[in-house]
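A.B. asks: Protein chains in written order, with the working numbering: chain A, 1 to 174; chain B, 1 to 565; chain C, 1 to 366.
Be careful, since some hints might not be right.
Just a few of them, taken from the derived set where beta-carbon distance is under 10 Å, the chain B residues facing chain C [stated by the list, open to error]: (1) Val304; (2) Ile382; (3) Leu399; (4) Ser402; (5) Ile465; (6) Ala477.
Straight-line alpha carbon distances no greater than 30 Å define the calculated DSSO-like cross-link-like pairs of lysine-lysine that follow [what the hints assert, rightly or not]: (7) Lys168/B with Lys219/C; (8) Lys141/A with Lys66/A; (9) Lys334/C with Lys172/B; (10) Lys219/C with Lys172/B.
Listed next, with one range per pair, are the computed distances between beta-carbon atoms [as the list claims (entries may be wrong)]: (11) Ala127/A with Arg207/B: 32 to 38 Å; (12) Asp187/C with Ile171/A: 55 to 61 Å; (13) Arg137/C with Tyr21/A: 26 to 32 Å; (14) Leu84/A with Gly302/C: 51 to 57 Å; (15) Leu211/B with Val70/A: 41 to 47 Å; (16) Arg137/C with Leu211/B: 42 to 48 Å.
Hints in this document: simulated from the structure, not taken from any laboratory.
Note that beta-carbon positions come from the ideal geometry of N, C-alpha and C, so glycine has one too.
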Amino acid sequence: MTCLIIAESAIFTIFVVAYLYYLGKDRSGPTPRQVLELPILNTICLLSSSATITFAVRSLRIGDTKRFSVWWLATIALGAYFLLGTGREWVRLVYDKGLTIQTNLFGTTFYSLVGLHASHVVVGLLALLVVMAFAVGGFVKQEHADRAHVLALYWHFVDMVWIVVFSVVYIIGR
Amino acid sequence: MNGTMNTNELSGTMPLVPVASTDKAAFDYIHSWLVTVDHKKLGLMYIMYGLAFLVIAGLEATLIRIQLAVPNNHFLSPQVFNQLFTMHGTTMVFLVGMPIIFGFANYLVPLMIGARDLAFPRLNAFGFWLSAFGGLLLYYSFIGGEGMAGAGSAPDVGWFAYAPLTGKAFSKGHSTDYWTLAIMIGGFGSIATAVNIITTILCMRCRGMTLTKMPLLAWLNLIMCGMVLIAVSPLTAAQIMLLLDRFAGSHFFDTQAGGSATLWMHFFWIFGHPEVYILIIPAFAFASEIIPVFSRKAIFGYPVMVGATLAIAFVSLSVWAHHMFTVGMTSTGNTFFVVSTMMVGVPTGIKIFNWLGTMWGGKLRFATPMVFSIAFIFQFLIAGLTGIMLACAPWDWQLNDSYFLIAHFHYTLVGALVFMIFAAIYYWFPKATGHLLSERLGKWHFWLFLIGFHITFDTMHIPGILGMPRRIYTYEAGRGWGIWNLICTIGVVFQGIGILIFVLNILLSLRKGKPAGSDPWDAWTLEWTTSSPPPEYNFAEIPTVKSRRPLWDIKHPTDPDWKYE
Amino acid sequence: MQSQPSLRRCRQAETPKASAYLFLIPPWMFWLVMALVLQQGVLAAERTDPALVPNMFAPESAPAHSISHLAGLVLAITGAIFVVVAGLLIYAVVRFRRRANDDGTEPAQIYGSGPVEAAWTTVPFLIVIVLTLTTARVIQEVQDARKPSAALDVQVIGHQWWWEFRYPKLGIVTANELHVPVSQGRDRLPTFLELRSADVVHSFWVPRLMGKIDLVPNKVNSMWIEPERPGLFLGQCGTYCGTQHALMLLRVYADTREDFDRWVKQQQQSPESNPTVAAGKLVFERTACINCHAVGSTVADGRFGPDLTHLMSRDTLGSGALNNSVEGLRAWIKSPNQLKPGVLMPAMNLSDADLDQLVAYLATLR
Numbered sequence: 001m002t003c004l005i006i007a008e009s010a011i012f013t014i015f016v017v018a019y020l021y022y023l024g025k026d027r028s029g030p031t032p033r034q035v036l037e038l039p040i041l042n043t044i045c046l047l048s049s050s051a052t053i054t055f056a057v058r059s060l061r062i063g064d065t066k067r068f069s070v071w072w073l074a075t076i077a078l079g080a081y082f083l084l085g086t087g088r089e090w091v092r093l094v095y096d097k098g099l100t101i102q103t104n105l106f107g108t109t110f111y112s113l114v115g116l117h118a119s120h121v122v123v124g125l126l127a128l129l130v131v132m133a134f135a136v137g138g139f140v141k142q143e144h145a146d147r148a149h150v151l152a153l154y155w156h157f158v159d160m161v162w163i164v165v166f167s168v169v170y171i172i173g174r
Numbered sequence: 001m002n003g004t005m006n007t008n009e010l011s012g013t014m015p016l017v018p019v020a021s022t023d024k025a026a027f028d029y030i031h032s033w034l035v036t037v038d039h040k041k042l043g044l045m046y047i048m049y050g051l052a053f054l055v056i057a058g059l060e061a062t063l064i065r066i067q068l069a070v071p072n073n074h075f076l077s078p079q080v081f082n083q084l085f086t087m088h089g090t091t092m093v094f095l096v097g098m099p100i101i102f103g104f105a106n107y108l109v110p111l112m113i114g115a116r117d118l119a120f121p122r123l124n125a126f127g128f129w130l131s132a133f134g135g136l137l138l139y140y141s142f143i144g145g146e147g148m149a150g151a152g153s154a155p156d157v158g159w160f161a162y163a164p165l166t167g168k169a170f171s172k173g174h175s176t177d178y179w180t181l182a183i184m185i186g187g188f189g190s191i192a193t194a195v196n197i198i199t200t201i202l203c204m205r206c207r208g209m210t211l212t213k214m215p216l217l218a219w220l221n222l223i224m225c226g227m228v229l230i231a232v233s234p235l236t237a238a239q240i241m242l243l244l245d246r247f248a249g250s251h252f253f254d255t256q257a258g259g260s261a262t263l264w265m266h267f268f269w270i271f272g273h274p275e276v277y278i279l280i281i282p283a284f285a286f287a288s289e290i291i292p293v294f295s296r297k298a299i300f301g302y303p304v305m306v307g308a309t310l311a312i313a314f315v316s317l318s319v320w321a322h323h324m325f326t327v328g329m330t331s332t333g334n335t336f337f338v339v340s341t342m343m344v345g346v347p348t349g350i351k352i353f354n355w356l357g358t359m360w361g362g363k364l365r366f367a368t369p370m371v372f373s374i375a376f377i378f379q380f381l382i383a384g385l386t387g388i389m390l391a392c393a394p395w396d397w398q399l400n401d402s403y404f405l406i407a408h409f410h411y412t413l414v415g416a417l418v419f420m421i422f423a424a425i426y427y428w429f430p431k432a433t434g435h436l437l438s439e440r441l442g443k444w445h446f447w448l449f450l451i452g453f454h455i456t457f458d459t460m461h462i463p464g465i466l467g468m469p470r471r472i473y474t475y476e477a478g479r480g481w482g483i484w485n486l487i488c489t490i491g492v493v494f495q496g497i498g499i500l501i502f503v504l505n506i507l508l509s510l511r512k513g514k515p516a517g518s519d520p521w522d523a524w525t526l527e528w529t530t531s532s533p534p535p536e537y538n539f540a541e542i543p544t545v546k547s548r549r550p551l552w553d554i555k556h557p558t559d560p561d562w563k564y565e
Numbered sequence: 001m002q003s004q005p006s007l008r009r010c011r012q013a014e015t016p017k018a019s020a021y022l023f024l025i026p027p028w029m030f031w032l033v034m035a036l037v038l039q040q041g042v043l044a045a046e047r048t049d050p051a052l053v054p055n056m057f058a059p060e061s062a063p064a065h066s067i068s069h070l071a072g073l074v075l076a077i078t079g080a081i082f083v084v085v086a087g088l089l090i091y092a093v094v095r096f097r098r099r100a101n102d103d104g105t106e107p108a109q110i111y112g113s114g115p116v117e118a119a120w121t122t123v124p125f126l127i128v129i130v131l132t133l134t135t136a137r138v139i140q141e142v143q144d145a146r147k148p149s150a151a152l153d154v155q156v157i158g159h160q161w162w163w164e165f166r167y168p169k170l171g172i173v174t175a176n177e178l179h180v181p182v183s184q185g186r187d188r189l190p191t192f193l194e195l196r197s198a199d200v201v202h203s204f205w206v207p208r209l210m211g212k213i214d215l216v217p218n219k220v221n222s223m224w225i226e227p228e229r230p231g232l233f234l235g236q237c238g239t240y241c242g243t244q245h246a247l248m249l250l251r252v253y254a255d256t257r258e259d260f261d262r263w264v265k266q267q268q269q270s271p272e273s274n275p276t277v278a279a280g281k282l283v284f285e286r287t288a289c290i291n292c293h294a295v296g297s298t299v300a301d302g303r304f305g306p307d308l309t310h311l312m313s314r315d316t317l318g319s320g321a322l323n324n325s326v327e328g329l330r331a332w333i334k335s336p337n338q339l340k341p342g343v344l345m346p347a348m349n350l351s352d353a354d355l356d357q358l359v360a361y362l363a364t365l366r
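Generate the whole structure from the sequences, applying the supplied hints.
C.D. replies: Put into structure tokens, the structure is as follows:
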């Protein structure tokens, strides 16, 4: 998982570089300052989900499968809310502000960077759901804590990336 | 000495060449290869896949050389020519180089570190089939669709696919899409395999084998795979951006909308330069195993070799824009990349000196693996020196994208990498199949290929000096290029015959080669303790080692390595 | 430990295989000799004028000289390294090969040597420092050269697959063939080129005058040349730019001051109206020609294709695809794709009569 995270970090770095490179180079169209609103609630949810997944894995390590399921579900819920929030933001940007990936350089780099992150959240959520299904069926046991930890590492990575994306897009970029 | 005092020698399992020939046995045999997760079978499949594409890409190069043999030739149309050089480069890097080095890593790493398989055998199989699919997708392009000029859709944008030539506006049809998708898919396969190999080396070494007691091949593959993780990803990212440009209308590299052509170049070469080191480091690994055995001496300076390779890995991440000296960077930018590029030559040179130091004072046996290795040293030296020439930015303003550059990188890729691949095949084929390759045919292969290589690629520097750019489908008479191109083309004949003899050698030796025994070369690393071919589980009992050359310790109990290391 | 047999006994004891000595023929030397011998013969056979061969080691312009001198130094240093290291390799191969009378014992196992490693790290490092400093100086010398006030300014715009040249201060627009003044003696007259691209990445490369610099869309690059003798200098596009990258040739004419002034005057003239070719002019203006091409003082002001105002003053057509002649022009207009497959100019499908008139008109555009 560490190796995968290294490789994925490299991919995200390139998208961040592209984003920063093209800041301010738009020839037309809406600028970040004009259209972006800080997604505070979204961010809180996603970052808290890192905490909840940590609690889940800890519960599993001591054998408390019930608590594990609760925290795991909480993680899924928070992650899903994040995605919903991102989706709502995109709808607003496309329909209200007229910003699409084709509009200008900002549109191009914004949707691709945030979208790449969101796609990783989707994949993570799917994996979490699969584990949830196993947990509901009673198949997740204490000895699986290490495997859950590996998945939690991925989830932490996704959150770390969001911190970077958030800083670059919503703070530096504006 | 050979094969008498080995541990763990047990009877082999399913032979590589099927003995029974009923239909069911044949079906079972093929099926076992298709569903295997065994690192040895997957390793061999990678290598066979790579060798098949070596022949195909070699044919593409032959067609190119025929077209360029004389000025104003009409053997190929420009559209077909442009597809051929793009496919030749793309195939050689992604469908020959990468698969073969991963194939050898796959086969050898577990055997050399005393493991039974890679860490994730199913991921291994997945990585292979992903890479295989990528290659087939790329070659499907020859028959699918319309393309830039209606001549099939094979990519025709050069293997590094500069923007905005690859944008929707200038590359209509799907040629660029085939390039992008095929390589991206292969890239995922490469990353998967790299993860696998790193995990295996870090977690599955046998007892006693600390990192400092690992064979150099394992070290160098570890470093290579680390580079894959960091370097292949930028290419994947850039290709995602290109696909978004072409299909979703984004403007990453769309210069008409403010996008940047140089941004693609930066992203590509951040991948592209480490990529060539990724390709060559396994060649270094082979040399570091083969030269000691045939010099009868331990590798000179093991820790320095590891350190130098690490230095190469790190520094190579900082040299990429030496491919962009002509793009109009500031003088400061240009100077920075001159410095970093020249710096990376230092650890590379150190490795050459260490191989020389290994040979020095030894007792050289000129078996086929060794003669290829000696030629490798000679040619890699020259390649490194022409690299220094290219690192001088002002001279690079003349030499870049000329035939001098083509000569340089073929010197590294063919003169160094392919020669060492041949050496490695001659060295480890007996282990994998139980049969020795014919020495006589091997020497014929070597001399013919050597002569052909030098006729073509020594000469090729000259048209570069005389102003001939690369990627031109023809040239006018009167520029003084005709005779040099003709000589280059003649060299192809020798190389071609050499390859034919090589293929013949393999096919004949598979059935009729002399039995190899477990240790035909009197070598010292763990793979030579197993039978040839090794059983599926590699080792009945995982060995414990005390030094870098466990077999040397067994063969020389009064003078073991661990006393001196 | 076995004792080393003396060298003399070694030489008498075994007959070295002939193939061992093949390593002694450095391929470089052999091919260099072959090359020099053949070059003369074939240059003569190809009827090549040696002065036209775009040899980067025959520099005829200040920046090209700087590069060539640097190259000479680098070649000398790398050549010395090659001789030393290859020499050691060949020596090792001969000296340490296993003899026929070998007793089968292993040689002394030497695992490494700190001082030796230090030595062969330090020496290359020092060489690298020398090379880097020298290179940095030349980069600055060429790239950051100050532009003298008298310098000529030319804007180069790369297209798929032809060159557009604009002389902004002289009001001239032409294509594919660049005329610049010679810079001789004390009063230097370099030409500073501003490089732009209308479509994809191209590269301006005339080896005798300077290294190549790319024409990148959305970016302005600059370079300078300073030809020191009158004459023709050949070059071509140096970066793959699509189907006809190979036929995006460059012809740079260095003219004496008088010749250059004469050329400028001629290029600045508008074409006179010539009643004998009025029919052809009509064909030109009514067909789609004017969408892509410009002819001064007429309604034709297309910018996609080359400016044709002084078409017949050029030596070639199609950026070097063929020699400029009336017959060639006719063949080109009739079917450009035959002469330059993939070219972006479509066949105009004119009738023979129209074509004749059109060519007659264009032939007057000197």
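A.B. asks: Now, for every hint given, state plainly whether the structure supports it.
C.D. replies: Against the structure, the hints come out as follows:
1. Val304: Holds - the Cβ of Val304/B comes within 10 Å of chain C, reaching about 5 Å at its closest.
2. Ile382: holds, 7 Å
3. Leu399: For Leu399/B, the interface hint holds, since the closest Cβ of chain C sits about 8 Å away, which is under 10 Å.
4. Ser402: Hint holds; Ser402/B Cβ to chain C Cβ min 7 Å, cut 10 Å.
5. Ile465: Since chain C brings a Cβ to about 6 Å from Ile465/B, closer than 10 Å, the hint holds.
6. Ala477: holds, 5 Å
7. Lys168/B with Lys219/C: Holds: Lys168/B and Lys219/C sit about 20 Å apart, inside 30 Å.
8. Lys141/A with Lys66/A: Measuring from Cα to Cα gives roughly 10 Å; hence the hint holds.
9. Lys334/C with Lys172/B: Measuring from Cα to Cα gives roughly 26 Å; hence the hint holds.
10. Lys219/C with Lys172/B: With Cα atoms ~24 Å apart, Lys219/C and Lys172/B stay inside 30 Å; holds.
11. Ala127/A with Arg207/B: 32 to 38 Å: Since Ala127/A and Arg207/B have Cβ atoms about 35 Å apart, the given range 32 to 38 Å holds.
12. Asp187/C with Ile171/A: 55 to 61 Å: With a Cβ separation near 57 Å, Asp187/C and Ile171/A satisfy 55 to 61 Å, so the hint holds.
13. Arg137/C with Tyr21/A: 26 to 32 Å: Holds - the Cβ-Cβ distance for Arg137/C and Tyr21/A, about 31 Å, lies within 26 to 32 Å.
14. Leu84/A with Gly302/C: 51 to 57 Å: holds, 54 Å
15. Leu211/B with Val70/A: 41 to 47 Å: At 42 Å between Cβs, range holds.
16. Arg137/C with Leu211/B: 42 to 48 Å: About 44 Å separates the Cβ atoms of Arg137/C and Leu211/B, which means 42 to 48 Å holds.
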